[in-house]
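S.K.: The chain contents come next:
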Amino acid sequence: MSELLYSPLFGLVLSLLTFLFAKWIGSRLKLSVLNPLLLAIVFCIVILQLFGIPLEAYEEGGDMISVFLGPATAVLAYSIYRQFALLKKYFIPVLCGCLAGSITSMASAWLLSELFGLEEDLQASMIPKSVTTPIAIGISEQLGGIPSVTVAVVIVTGIMGSIVCPYLMKIFRIQNRIAAGIAIGTCSHAVGTTKAVEIGEVEGAMSGIAIGVSGILTVVLSLFLV
Amino acid sequence: MKLLKQLSIILGICLVGEGIAQILPISFPSSVISMFLLLVLLIAGILKMEHIKEVSEYLIQNMAFFFIPAGVAIVEQYELVQGKILILLLVSFLTLILTFLAAAYTVKGVIWLQERRKDK
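From first to last, the protein sequence lines are chains A and B.
Numbered according to this note's numbering, the first sequence spans residues 1 to 226.
Numbered according to this note's numbering, the second sequence spans residues 1 to 120.
Note that these hints are calculated values from the structure, not bench results.
One or more hints might be untrue.
Claimed, not checked - The calculated DSBU-like cross-link candidates involving lysine-lysine, where the alpha carbons are at most 35 angstroms apart (straight line), are:
hint	chain 1	residue 1	chain 2	residue 2
1	B	Lys-48	B	Lys-2
2	B	Lys-48	B	Lys-5
3	A	Lys-23	B	Lys-2
4	B	Lys-108	A	Lys-23
5	A	Lys-170	B	Lys-108
6	B	Lys-48	B	Lys-108
7	B	Lys-53	B	Lys-2
8	B	Lys-108	B	Lys-53
9	B	Lys-53	A	Lys-23
10	A	Lys-88	B	Lys-120
11	A	Lys-88	B	Lys-108
12	A	Lys-88	B	Lys-48
13	A	Lys-89	B	Lys-53
Using the sequences and the hints given, assemble the complete structure.
M.R.: Structure below.
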């Protein structure tokens, strides 16, 4: 039995089934709090814990899925290219938006962590929380943070973003599709972008651009923090 | 055949992106390098949209799925941040809102300035 659990197919099947089930629930209840990614993660964790299945067993298949994170992010170039005329026209606003967002993210993460009395290594782990995982790990190490905590915070931020951003767009009346896309990508990187893609093609493409631009800006800004 | 061709183009570019990431002196994600690489190839006309269309659309539409294992692995960090989880969540949440608003209103504001200058 345990041999079967260590087959890569186990992780693949568990991820697929939980995601399909989460999507099905989402289409039934139409509540954006029930984000399919969040639900699928929770289902997987609950099943693993419930049956005492070690994480390593799941990761045999899980790692195969993670391999496609790179290509899935890279092909955002396809939607960016389709919106390229728009990007060219609004290049300056896009750049300014990413810069303002990146500065706000790093500054508020640091100030709020300080305010709530988090230890220094946790503060440093929080600073790069809005950028995509590989960049965040690098910055976290450089600032003396705990990389694994940073990974967790980055993913949590992304999931929060994909749930909260549609509400923020409504509450603060962000009707400009470029502004919305850039804001989603800047505050919640690739995971938030999955939601932006669902909202619309312009939003998705702008969010994709923001992952890259905000990532670069955050790396540059963090050089001033050491 | 068509899908396999598209997949090999995309994965090939990602492999090149990883190679570039290894050479770079700073840690920069290969996925973002590959994204820029792909964009440059499309703009230069070396690659046409139809060369990657179906696979790209498929990956983009199902992007969330690929993040599941990374999310599941968070359980391992539970003990490290035990007792701090609520604070970490609260800080993350507040930062998220502030960042969203700063980026959204800056884009809106600069577009407004840009268009006003054009009118003059």
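S.K.: Each hint: holds or not?
M.R.: Consistency of the hints with the structure:
| no. | hint | result |
| --- | --- | --- |
| 1 | B:Lys-48 / B:Lys-2 | holds, 14 angstroms |
| 2 | B:Lys-48 / B:Lys-5 | holds, 13 angstroms |
| 3 | A:Lys-23 / B:Lys-2 | holds, 28 angstroms |
| 4 | B:Lys-108 / A:Lys-23 | holds, 33 angstroms |
| 5 | A:Lys-170 / B:Lys-108 | holds, 15 angstroms |
| 6 | B:Lys-48 / B:Lys-108 | holds, 32 angstroms |
| 7 | B:Lys-53 / B:Lys-2 | holds, 10 angstroms |
| 8 | B:Lys-108 / B:Lys-53 | holds, 31 angstroms |
| 9 | B:Lys-53 / A:Lys-23 | holds, 24 angstroms |
| 10 | A:Lys-88 / B:Lys-120 | holds, 21 angstroms |
| 11 | A:Lys-88 / B:Lys-108 | holds, 16 angstroms |
| 12 | A:Lys-88 / B:Lys-48 | holds, 19 angstroms |
| 13 | A:Lys-89 / B:Lys-53 | holds, 24 angstroms |
In this structure, none of the earlier numbered hints is contradicted; all agree with it.
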